[in-house]
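Protein chains: 2
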Amino acid sequence: MEKRIKIALLQMSSSKDIEENEKKAVSLIKKATKKGAKIVCTQELFKTEYFPQVERWSYFRYAEKINENSKSIKKYQKLAKELNVVLILSLFEKRADGIYHNTAVVIDADGRYLGKYRKMHIPDDPHFYEKFYFTPGDLGYKVFDTKYGKIGVLICWDQWFPEAARLTAMKGAKIIFYPTAIGWLPSEKEKYGKSQYNAWETIQRSHAVANGIYVASVNRVGFEESPDKDEGIEFWGKSFISNPYGEIIKQASSKREEIVLADVDLSVIDEIRTSWPFFRDRRIDSYKELQKRWLEDE
Amino acid sequence: MEKRIKIALLQMSSSKDIEENEKKAVSLIKKATKKGAKIVCTQELFKTEYFPQVERWSYFRYAEKINENSKSIKKYQKLAKELNVVLILSLFEKRADGIYHNTAVVIDADGRYLGKYRKMHIPDDPHFYEKFYFTPGDLGYKVFDTKYGKIGVLICWDQWFPEAARLTAMKGAKIIFYPTAIGWLPSEKEKYGKSQYNAWETIQRSHAVANGIYVASVNRVGFEESPDKDEGIEFWGKSFISNPYGEIIKQASSKREEIVLADVDLSVIDEIRTSWPFFRDRRIDSYKELQKRWLEDE
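Line order of the protein sequences matches chains A and B.
First residue of the first sequence: 263, per my numbering; consecutive thereafter.
First residue of the second sequence: 263, per my numbering; consecutive thereafter.
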């Protein structure tokens, strides 16, 4: 029995103007649902510029309280209900004074707040100073039982860790969404650009293969200057949806704002997992040391 | 400081004649070392046809005792020393009456027996009835400290499990070798062939990315008829070596017996792992449930 649904990824560029970014996102959500999308996911931190390019205390002002009663969430709950669409929103969360998270919220198609995921793996390298802003997530890996199927959300840097995808799939996710903000530093692009991009695509496609699931990765696009005027980031777009064979079934360009729309058929998952029964054969008795940092004799 | 070494993968077809297969392998080992190879790896079970196509007790006769004193190993120890080459041999091990393993042996360039790895993940699907023959490995994941660097060995079906690659890398392996026997059933090739092949390549390249290591996968080639005369397997060759970005730097054809030879530079691993520091950021506090079979509420 087929279980086809259309999903949509919103590949945007975001400016310094939060109101403008939100307006754009809302307009894209409406456009996507008009084309039949039942689940819509934003890029990472879609409301703001990619502020972790530098470490500045003033940027903590971008954060917001995130719960069922917060004003900014209620607005999207209303929108989800009105459009009968599941929304995945990537937001900057203020949890308490001095505790901030990189968080994704899932709202069901009837407007219900289903909960949040807090980014577990936090990067930190030049122009991606996320460890300054984001406390590592403490909610573990999550699955959200939406009207259209069980989905998981992981965020950007999480995509490099097979452990995160595995645990999310083991909780029942049939699609993992990855709101993302990845791009090239202009000084590195020529030497490393292609390799970096290929590695990014490969590792995410591999999560689809290893777990027999769909993977949907939503990246931002466009160049953002660094507030320090050194370099900046050329976000590479290329948002894509991969089937459980790791094949890209739809992909955005590297240049434009776009809605990536594709049908996914959740009924193929059981067929694929029984022909390649990795979950049957995992040697769970031998994985304990994955909880260690390193195992080499020193 | 560069640390370049040449490695070689022996992509062969194997016949029903064990002596002929061994002769061919020895000749390829000599050829590879003549071209500068310092580590040479055979395909899975290179001495025999791929007998797990059917379940027959008579095939257990192919198995051999594997230890430092076994005659068949001594021969290769002598060869390794003579050629100053590290040898990785994939063999059918008889451990005790009624206990058999799918095992790889590593011999150092001075002829020393460094130990063995026993295939941990055992497949079982039509024409790949390995659970009938092979007791799952009980040695865990292994690294071998050879003259030319630390290497790991995993075998075929292991390649679908990110957990196995991760644990092997965490033990210090800079290259993981995968002796393999994978191919198409003629009845499935048209519909699934390309997807299966792509998934196979993707998942292994992803282990290189996730762990910042080289991956070297050695497949057999050629068609082997099933002893039951139904179908058979078209082994797809395409043995390859991937760099730590998941980029294939050398690959064999799908048709011919070939030696895949490539230089790998072990000195890039630290550079790659510090620019993309996944090992720094693994959330080892959150991976405990990887030891579970499944996590969905039922």
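Watch out, some of these pointers could steer you wrong.
As the list makes no split between identical chains, a pair holds if one copy fits it or if it spans any two.
[As the list claims (entries may be wrong)] Derived lysine-lysine pairs resembling BS3-like cross-links, with alpha carbons at most 30 Å apart:
1. K337 / K327
2. K333 / K285
3. K512 / K453
4. K451 / K512
5. K265 / K451
6. K456 / K336
7. K456 / K512
8. K268 / K491
9. K393 / K433
10. K453 / K412
11. K491 / K409
12. K268 / K453
13. K456 / K412
14. K453 / K337
15. K550 / K278
16. K393 / K550
17. K292 / K265
18. K554 / K433
19. K554 / K265
20. K554 / K337
21. K512 / K285
22. K268 / K309
Note that these hints are calculated values from the structure, not bench results.
Note that the structure is predicted; figures quoted are calculated from it, not measured.
Outcome of the hint check:
For the homomeric pair K337 and K327, the shortest alpha-carbon distance inside one copy (14 Å) is at most 30 Å, but the shortest distance between copies (70 Å) is not. Only within a single protomer do K333 and K285 lie at most 30 Å apart by alpha-carbon distance; the minimum there is 16 Å, versus 75 Å between protomers. With identical chains, the CA atoms of K512 and K453 are at most 30 Å apart both within one copy (27 Å) and between copies (20 Å). Proximity of K451 to K512 under the C-alpha cut-off of 30 Å is found in both arrangements, the shortest distances being 24 Å within a copy and 24 Å between copies.
Taking the shortest alpha-carbon separations for K265 and K451, only the inter-copy value of 26 Å comes in at or below 30 Å, while the best intra-copy value is 41 Å. Proximity of K456 and K336 under a CA criterion of 30 Å is satisfied in neither setting, with 41 Å inside one chain copy and 46 Å between copies. In this assembly of identical chains, the alpha carbons of K456 and K512 lie at most 30 Å apart whether taken from the same copy (20 Å) or from different copies (18 Å). For a Cα distance limit of 30 Å, the shortest separation of K268 from K491 qualifies neither inside one copy, at 41 Å, nor across copies, at 44 Å.
Taking the shortest alpha-carbon separations for K393 and K433, both the intra-copy value of 27 Å and the inter-copy value of 27 Å come in at or below 30 Å. Taking CA atoms no more than 30 Å apart as the test, K453 paired with K412 passes between copies only; the shortest distance there is 28 Å, against 40 Å inside one copy. In the homo-oligomer, the alpha carbons of K491 and K409 never lie at most 30 Å apart, since the shortest distance is 45 Å inside one protomer and 49 Å across protomers. In this assembly of identical chains, the alpha carbons of K268 and K453 lie at most 30 Å apart only when taken from different copies (24 Å versus 37 Å within one copy).
In this assembly of identical chains, the alpha carbons of K456 and K412 lie at most 30 Å apart only when taken from different copies (29 Å versus 34 Å within one copy). In the homo-oligomer, the alpha carbons of K453 and K337 never lie at most 30 Å apart, since the shortest distance is 44 Å inside one protomer and 46 Å across protomers. For a Cα distance limit of 30 Å, the shortest separation of K550 from K278 qualifies neither inside one copy, at 45 Å, nor across copies, at 40 Å. In this assembly of identical chains, K393 and K550 lie within 30 Å of each other by CA distance both inside one copy and across copies; the values are 27 Å within and 23 Å between.
Taking CA atoms no more than 30 Å apart as the test, K292 paired with K265 passes inside one copy only; the shortest distance there is 23 Å, against 55 Å between copies. Proximity of K554 to K433 under the C-alpha cut-off of 30 Å is found in both arrangements, the shortest distances being 22 Å within a copy and 11 Å between copies. Taking the shortest alpha-carbon separations for K554 and K265, only the inter-copy value of 28 Å comes in at or below 30 Å, while the best intra-copy value is 40 Å. In this homomeric assembly, K554 and K337 never come within 30 Å of each other (Cα to Cα): the closest approach is 43 Å inside a single copy and 39 Å across copies.
In this homomeric assembly, K512 and K285 come within 30 Å of each other (Cα to Cα) only inside a single copy, at 25 Å, whereas the closest approach across copies is 49 Å. With identical chains, the CA atoms of K268 and K309 are at most 30 Å apart within one copy only, with a shortest distance of 24 Å there and 50 Å across copies.
The structure fails hints 6, 8, 11, 14, 15 and 20 (numbered hints given earlier, in ascending order).
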